[in-house]
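18 is the number of the first residue of the sequence shown in our numbering; add one for each residue after it.
No wet-lab data here; the hints were simulated from the structure.
Don't be surprised by glycine CBs; every beta carbon is placed ideally from N, CA and C.
Hints are supplied without guarantee of correctness; some may be wrong.
Straight-line C-alpha distance at most 25 Å; calculated PhoX-like pairs for lysine-lysine [claimed, not checked]:
| id | residue 1 | residue 2 |
| --- | --- | --- |
| 1 | K26 | K117 |
| 2 | K84 | K36 |
| 3 | K37 | K117 |
| 4 | K26 | K36 |
| 5 | K86 | K36 |
| 6 | K37 | K84 |
| 7 | K37 | K26 |
The calculated label-pair distances, taken between Cβ atoms and stated as ranges, are [as the list claims (entries may be wrong)]:
| id | residue 1 | residue 2 | range |
| --- | --- | --- | --- |
| 8 | E59 | R96 | 29 to 37 Å |
| 9 | K117 | D80 | 42 to 50 Å |
| 10 | P55 | E87 | 17 to 25 Å |
| 11 | L65 | E90 | 42 to 50 Å |
| 12 | R58 | V113 | 25 to 33 Å |
| 13 | C82 | T52 | 17 to 25 Å |
| 14 | D80 | K26 | 15 to 23 Å |
| 15 | Q44 | K86 | 20 to 28 Å |
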Amino acid sequence: MSSSSSMNKYWVPHLDIHKKVITQELQYYLGPEATVRPYTREGEDGFLITTPGPCLSDEQIDDICIKSKEMWERQAAARATTPPEKPLKRPLHQPVVIAKASSTDPSRRRTEDRWRDANGRYDDRRRD
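Let the sequences and hints guide you as you build the complete structure.
Written out as structure tokens, the structure reads:
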């Protein structure tokens, strides 16, 4: 495999390009050493393509855009035919759990047993 110093790097904006499609098609167009990854350039999202040769041609990018549109249409059709388990009020903003704190975490204090006194300091005595 070529060293990274002999590889060319190109940035392509993500507009109209599905990540899965460009990932699947890139090595077909540019060879087995070509790689692609998400990359933000000057605040704009896109893809960083690393290849030993030239970047994608306009025709290849057009083909990837067409295949991306087909992929989005298939995904939309699949969502439309599969009823959701529970309809969401805001389906595009469904939370995804990344991590949950354990209930035995000592850094989490029980706030129901703490009250502020007149000076704003905490008073740990229970008030009934």
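Going through the hints against the structure:
Of the supplied pair hints, the one linking K26 and K117 is violated, its CA atoms being roughly 39 Å apart against a limit of 25 Å. A hinted pair counts as satisfied when its Cα atoms are at most 25 Å apart, and K84 with K36 qualifies at roughly 11 Å. A hinted pair counts as satisfied when its Cα atoms are at most 25 Å apart, and K37 with K117 does not qualify at roughly 29 Å. Of the supplied pair hints, the one linking K26 and K36 holds, its CA atoms being roughly 17 Å apart against a limit of 25 Å.
Distance hint between K86 and K36 is fulfilled; the C-alpha atoms sit about 12 Å from each other, no more than 25 Å. A hinted pair counts as satisfied when its Cα atoms are at most 25 Å apart, and K37 with K84 qualifies at roughly 10 Å. Straight-line distance between C-alpha atoms of K37 and K26 comes to about 19 Å, which keeps the hinted pair within the 25 Å bound. Separation of E59 from R96 is about 33 Å and conforms to the stated range, judged on CB atoms against 29 to 37 Å.
K117 and D80 have their C-beta atoms about 43 Å apart, which keeps the hinted 42 to 50 Å range intact. For P55 paired with E87, a C-beta distance near 21 Å keeps the hint of 17 to 25 Å intact. A hinted range of 42 to 50 Å for the beta carbons of L65 and E90 is inconsistent with their spacing of about 27 Å. With their beta carbons about 26 Å apart, R58 and V113 fall inside the hinted range of 25 to 33 Å.
At roughly 20 Å, the beta carbons of C82 and T52 sit within the given window of 17 to 25 Å. Taking the beta carbon of each, D80 and K26 are about 21 Å apart, inside 15 to 23 Å as hinted. A hinted range of 20 to 28 Å holds for the C-beta pair Q44 and K86, which are about 21 Å apart.
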